[in-house]
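S.K.: Sequence:
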Amino acid sequence: MDKLLKWQIGGMVFVLLLGSLWHFLFEITGSNAIGAAFFPVNESVWEHMKLFFYPYLIYSALEWCFIGKGYSGFFISKAWNSFFMIIMVLGFHYFLSIFFPGVFVIDIIITIAVIIIAFLTDYKIMREVNSNRFVDFTAVAAIIMMGILLAFFTFYPPHNTIFEDHTRNIYGVVFKQD
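With numbering that gives the first Met the number 0, letter number 88 in the sequence shown gets 87, and the count goes up by one each step, no holes.
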């Protein structure tokens, strides 16, 4: 097994484990505004995008430090898969919620499958795609924009089903009043 494949398998495990912990970090960190930008603040589909987006970015940063510089397609791979994971989870959620509304196990299976597919796609893109500085810059800008949008819609969510916490009938972050 080559080094890159080992890193991708390690990434799958890392993102799944850290993503599980990520679910509780908003409350653990004191439910503050900074934490709200990075950690899920409720049980909406939108907030759950943070469960894999930020752990994936953390792992990508580690990967860049150790092996990423050796792959021209590194940044385009990470941008593509950051976008892919969000779109796939949203798409599957809409499709499967029609047939299996509220089935928690299906949400977990979808998330695991999307993370596995993303890392396998990383492997393929990083090995086969040649990039340049402009594409790398654009890819990093796209990742930053995705992070900004995740945070923005935490504080200013539209009244749409993907932003609604159906367990508490709320949208976005609701800070506790003292």
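Take these hints with a grain of salt, some might be off.
As the list claims (entries may be wrong) - List time: in silico EDC-like cross-link candidates among lysine to aspartate or glutamate, alpha-carbon distance up to 20 Å:
| hint | residue 1 | residue 2 |
| --- | --- | --- |
| 1 | Lys123 | Asp106 |
| 2 | Lys2 | Glu127 |
| 3 | Lys123 | Glu42 |
| 4 | Lys175 | Glu42 |
| 5 | Lys68 | Glu26 |
| 6 | Lys68 | Asp135 |
| 7 | Lys5 | Glu127 |
| 8 | Lys123 | Asp135 |
| 9 | Lys175 | Glu163 |
| 10 | Lys175 | Glu26 |
| 11 | Lys68 | Asp164 |
Said to hold, decoys possible - Computed beta-carbon distance windows for the label pairs:
| hint | residue 1 | residue 2 | range |
| --- | --- | --- | --- |
| 12 | Asn168 | Thr120 | 20 to 28 Å |
| 13 | Ile108 | Leu24 | 18 to 26 Å |
| 14 | Met0 | His158 | 20 to 28 Å |
| 15 | Val102 | Phe136 | 36 to 44 Å |
| 16 | Val139 | Ser96 | 19 to 27 Å |
| 17 | Cys64 | Pro100 | 37 to 45 Å |
| 18 | Gly69 | Ile143 | 17 to 25 Å |
| 19 | Ile116 | Phe174 | 33 to 41 Å |
The set of hints was computed from the structure by calculation and includes no laboratory data.
These figures come from a predicted structure and were not determined experimentally.
For every residue, glycine included, the Cβ atom is placed at its ideal position computed from N, Cα and C.
S.K.: CA of Lys123 to CA of Asp135, is that 20 Å or under?
M.R.: Holds, because 17 Å separates the two Cα atoms, which is no more than 20 Å.
S.K.: Can the restraint linking Lys123 and Glu42 be considered satisfied, given a maximum Cα separation of 20 Å?
M.R.: Not OK: Lys123 and Glu42 at ~33 Å, beyond 20 Å, violated.
S.K.: Lys68 and Glu26: Cα distance at most 20 Å?
M.R.: Roughly 36 Å separates the two Cα atoms, so the pair is violated.
S.K.: Given the hinted pair Lys68 and Asp135, is their Cα-Cα distance within 20 Å?
M.R.: Status holds; Cα separation ~12 Å.
S.K.: Quickly compare the C-alpha distance for Lys175 and Glu163 to 20 Å and report which way the hint goes.
M.R.: 18 Å, holds
S.K.: So the hint says 18 to 26 Å: do the beta-carbon atoms of Ile108 and Leu24 match that?
M.R.: 23 Å, holds
S.K.: Check whether the Cα positions of Lys175 and Glu42 lie no farther apart than 20 Å.
M.R.: 16 Å, holds
S.K.: Assuming the hint says 36 to 44 Å, is it satisfied by the Cβ distance from Val102 to Phe136 or not?
M.R.: 41 Å, holds
S.K.: Looking only at beta-carbon atoms, does the pair Cys64, Pro100 fall within the given range of 37 to 45 Å?
M.R.: 43 Å, holds
S.K.: Quick check: does the Cβ-Cβ distance between Val139 and Ser96 fall within 19 to 27 Å?
M.R.: For Ser96 against Val139, whose Cβ atoms are near 33 Å apart, the range 19 to 27 Å is violated.
S.K.: Is the hinted pair Lys68 and Asp164 satisfied, with a Cα-Cα distance of at most 20 Å?
M.R.: Not OK: Lys68 and Asp164 at ~40 Å, beyond 20 Å, violated.
S.K.: Quick check: does the Cβ-Cβ distance between Gly69 and Ile143 fall within 17 to 25 Å?
M.R.: 23 Å, holds
Going down the numbered hints, you'll see the structure goes against 1, 3, 5, 11, 12, 14, 16, while the others check out.
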